[in-house]
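Novice: Here is what each chain is made of, one letter per residue.
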Amino acid sequence: MSGPHDSGDRGDLHDAAVRLACVELVEILTDYLEGVLPARDAAVIEAHLALCPGCAAYLAQMRATVRVLGHVPVETLSPEATSTLLAAFRDRPAT
Amino acid sequence: MSPVLVPVPTCGGYGASVPIADPELVQRLREGDEQAFAEVVRAWSPAMLRVARAHVRTHATAEEVVQEAWLAVLRGLDGFAARASLRTWVFTILVNAARRRGRAEARHVVELGRPSVAPERFRGEDDEYPGHWRDEAAPVEWGPESEVLAAEFRGLLERALAELPDRQRAVVELRDVHGFAAEEVCALLDLTPANQRVLLHRARSRLRGLLEAVIA
Ligand SMILES: [Zn+2]
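Protein sequence lines, in the order shown, are assigned to chains X and U. Numbers 1 to 95, taken from the numbering used here, label the letters of the first sequence in order. Numbers 1001 to 1216, taken from the numbering used here, label the letters of the second sequence in order.
Warning: the hint list may mix true and false statements.
Heads up, incomplete: computed chain X residues facing chain U, CB under 8 Å, no partners named [as the list claims (entries may be wrong)]:
no.	residue
1	P53
2	V66
3	H71
4	R90
Some chain U residues close to chain X (C-beta under 7 Å, calculated; not the full set) [as the list claims (entries may be wrong)]:
no.	residue
5	W1070
6	L1071
7	V1117
8	H1132
9	V1140
10	V1148
11	L1149
12	E1158
13	D1176
14	L1207
Here are some chain X residues the structure puts well away from chain U; computed CB gaps all over 10 Å [what the hints assert, rightly or not]:
no.	residue
15	D12
16	L13
17	H14
18	D15
19	A16
20	P38
21	A39
22	R40
23	A43
24	A47
25	A50
Since the hints were made in silico from the structure, they are not lab data. Bear in mind that the values here come from a model prediction, so they are computed numbers and not experimental data. A virtual CB, placed ideally from N, CA and C, is assigned to each residue, including glycine.
Go ahead and model the full structure; you've got the sequences and the hints to work with.
Specialist: Dropping the structure here:
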């Protein structure tokens, strides 16, 4: 896979990664995580993350936030609404 | 459009999946197994409430819509043909009820875009690296997972979710608390894929910022 253009492509990617401003990256991070960015844009983000500890930490924080969300208790029906439904279930005609 | 629904992951808050296979569940409901019914109501109602609340204006109306949907489910149970999963069918009934009520309420939702991170944390245009983090303001790692998952932070996010605009809250809860796929959320909330991502991004960015403020 190595060739004369290889280091040049890597160089372009590196330049694009340095040019990508952190303030822009934080706005396209969800598109990146959702996998909807073109491959080249995703590669630039990954190269930026590899050389920017601030953005790498930001991404880790975003992922941690999503994990905490997986453990958040959620609002449910009131006890009254639930008992109304259970009563309706008991009262429904047998099949 | 028929939403493709996947099972809710059991790890997600109280949004647990029902540990009974579909045909058996339908059978038990038809036979009047109240425990089975109580189980599905407990497992699915939180996500149903969140979907309904994205279509209507108040929590009270959303609760009515969920109740109305469950009653329609009971009426239709004997005719349920199992072409889709029970959960898909229940959520389809719910969305139709919520849309009907939502149109009657004629909501107008305006959501203002705000930057994901306070602009003053980035270097100015005159800097050698404009738009990059200022050294003293760059994010830092949060430390061990176990600490981040502490009850304190879960409580903080629970309260913060309640403060989000309705559609942001619906998207982020359905995605990250209940574990729905992006396509399902689009179908349930009448969103384009792009709008679903915008709402998810705003919600997650805001919640991250709140956590960062207390963890740092
Ligand atoms: Zn950066």
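Novice: Against each hint, give a clear statement of whether it holds in the structure.
Specialist: Hint by hint, here is what the structure shows:
1. P53: Since chain U brings a Cβ to about 7 Å from P53 (chain X), closer than 8 Å, the hint holds.
2. V66: The hint holds - V66 (chain X) has a Cβ within 8 Å of chain U, the shortest such distance being about 5 Å.
3. H71: holds (5 Å)
4. R90: holds (6 Å)
5. W1070: holds (5 Å)
6. L1071: holds (6 Å)
7. V1117: holds (5 Å)
8. H1132: Holds: closest Cβ of chain X sits about 5 Å from H1132 (chain U), inside 7 Å.
9. V1140: holds (5 Å)
10. V1148: With a minimum Cβ separation of about 5 Å from chain X (threshold 7 Å), the hint on V1148 (chain U) holds.
11. L1149: It holds, given that the least Cβ distance between L1149 (chain U) and chain X is near 6 Å, below 7 Å.
12. E1158: Hint holds; E1158 (chain U) Cβ to chain X Cβ min 5 Å, cut 7 Å.
13. D1176: holds (4 Å)
14. L1207: Cβ of L1207 (chain U) sits 5 Å from chain X, so the hint holds.
15. D12: Holds, because the least Cβ-Cβ distance between D12 (chain X) and chain U comes to about 19 Å, which exceeds 10 Å.
16. L13: holds (18 Å)
17. H14: Nearest chain U Cβ is 14 Å from H14 (chain X), so the label holds.
18. D15: Nearest chain U Cβ is 13 Å from D15 (chain X), so the label holds.
19. A16: Correct as stated: the minimum Cβ-Cβ distance to chain U is 14 Å, above 10 Å.
20. P38: holds (15 Å)
21. A39: holds (18 Å)
22. R40: Fine: 19 Å to the nearest Cβ keeps R40 (chain X) off the interface.
23. A43: Label holds. Min Cβ-Cβ 19 Å, cutoff 10 Å.
24. A47: Consistent with the label, A47 (chain X) stays out of reach of chain U, its closest Cβ about 14 Å off (over 10 Å).
25. A50: Per Cβ check, A50 (chain X) is outside 10 Å of chain U; nearest 15 Å; holds.
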